[in-house]
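Residues in the sequence shown are numbered from -17 upward in steps of one, following this note's numbering.
Source of the hints: derived by calculation from the structure; they are not laboratory data.
Hints are supplied without guarantee of correctness; some may be wrong.
[Unchecked claim] With a Cα cut of at most 16 Å, we get these calculated EDC-like pairs of lysine to aspartate or glutamate:
1) Lys5 with Glu45
2) Lys60 with Glu1
3) Lys5 with Asp17
4) Lys8 with Glu30
5) Lys60 with Glu45
6) Lys60 with Asp17
7) Lys60 with Glu30
8) Lys5 with Asp47
9) Lys5 with Glu28
10) Lys(-1) with Glu30
[Said to hold, decoys possible] Derived Cβ-Cβ restraints for the label pairs, each shown as a range:
11) Ala44 with Pro15: 14 to 24 Å
12) Glu45 with Pro15: 12 to 22 Å
13) Glu45 with Ala(-2): 17 to 27 Å
14) His39 with Leu13: 15 to 25 Å
Glycine included, each C-beta is placed from N, C-alpha and C at the ideal position.
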Amino acid sequence: MANQITPHFQNSMGVAKIEIGTKEFKCIGALPPFDHPHVYLDMGNETEIVCPYCSTHYVFNAELDSAAASPAEAAYNKKSA
C-alpha cells in the first residue's frame, strides 16, 4: 500500500462487527473528537482482527471496495467529517 492512502474506519455506532474491503487499515475508534490513537492494523493471512484500543471486530469482505465498510458509515473520510 506504499502509494495508496491507508483507509480509516470508526465505530461510533457501537456495532458488534464491521466488514471492510481491506486487510491493512487504521482504526480511529469513534469520530473525532472522541477518537482514540489512530492505530495501523494488518490482518496478514487472517480474515479478521480486533482493535486493541476499542475492541472493534473487523472482518475482511473481498466484495467491498478497499475503502468501503458495512455498515457504510464506519468508513471514515476526514474530508467529509
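Results for each hint:
1. With a C-alpha separation of about 13 Å, the suggested pair Lys5 and Glu45 falls inside the 16 Å cut-off, and the hint holds.
2. Between the alpha carbons of Lys60 and Glu1 the distance comes to roughly 20 Å, so the proposed pair goes past 16 Å and is violated.
3. Annotation: proposed proximity of Lys5 to Asp17 is violated, straight-line Cα distance about 21 Å (limit 16 Å).
4. The suggested pairing of Lys8 with Glu30 holds, with an alpha-carbon distance near 14 Å, which does not exceed 16 Å.
5. Distance check on the hinted pair: Lys60 and Glu45 sit about 24 Å apart at the alpha-carbon level, beyond 16 Å; violated.
6. A C-alpha spacing of about 12 Å is found between Lys60 and Asp17, which places the hinted pair at or below 16 Å, so the restraint holds.
7. A hinted pair counts as satisfied when its Cα atoms are at most 16 Å apart, and Lys60 with Glu30 does not qualify at roughly 24 Å.
8. Distance hint between Lys5 and Asp47 is fulfilled; the C-alpha atoms sit about 11 Å from each other, no more than 16 Å.
9. For the proposed pair Lys5 and Glu28, the alpha carbon gap of about 8 Å is at most 16 Å, so the pair holds.
10. Proximity of Lys(-1) to Glu30 is assessed by CA-CA distance (about 10 Å); at most 16 Å being required, the pair is judged to hold.
11. At roughly 33 Å, the beta-carbon separation of Ala44 and Pro15 lies outside the given 14 to 24 Å, and the hint is violated.
12. For the hinted restraint 12 to 22 Å between Glu45 and Pro15, the CB-CB distance of approximately 33 Å leaves it violated.
13. Distance hint for Glu45 and Ala(-2): a CB-CB separation of about 20 Å, consistent with the stated range 17 to 27 Å.
14. One distance hint, 15 to 25 Å for the beta-carbon pair His39 and Leu13, holds here, with the actual separation near 18 Å.
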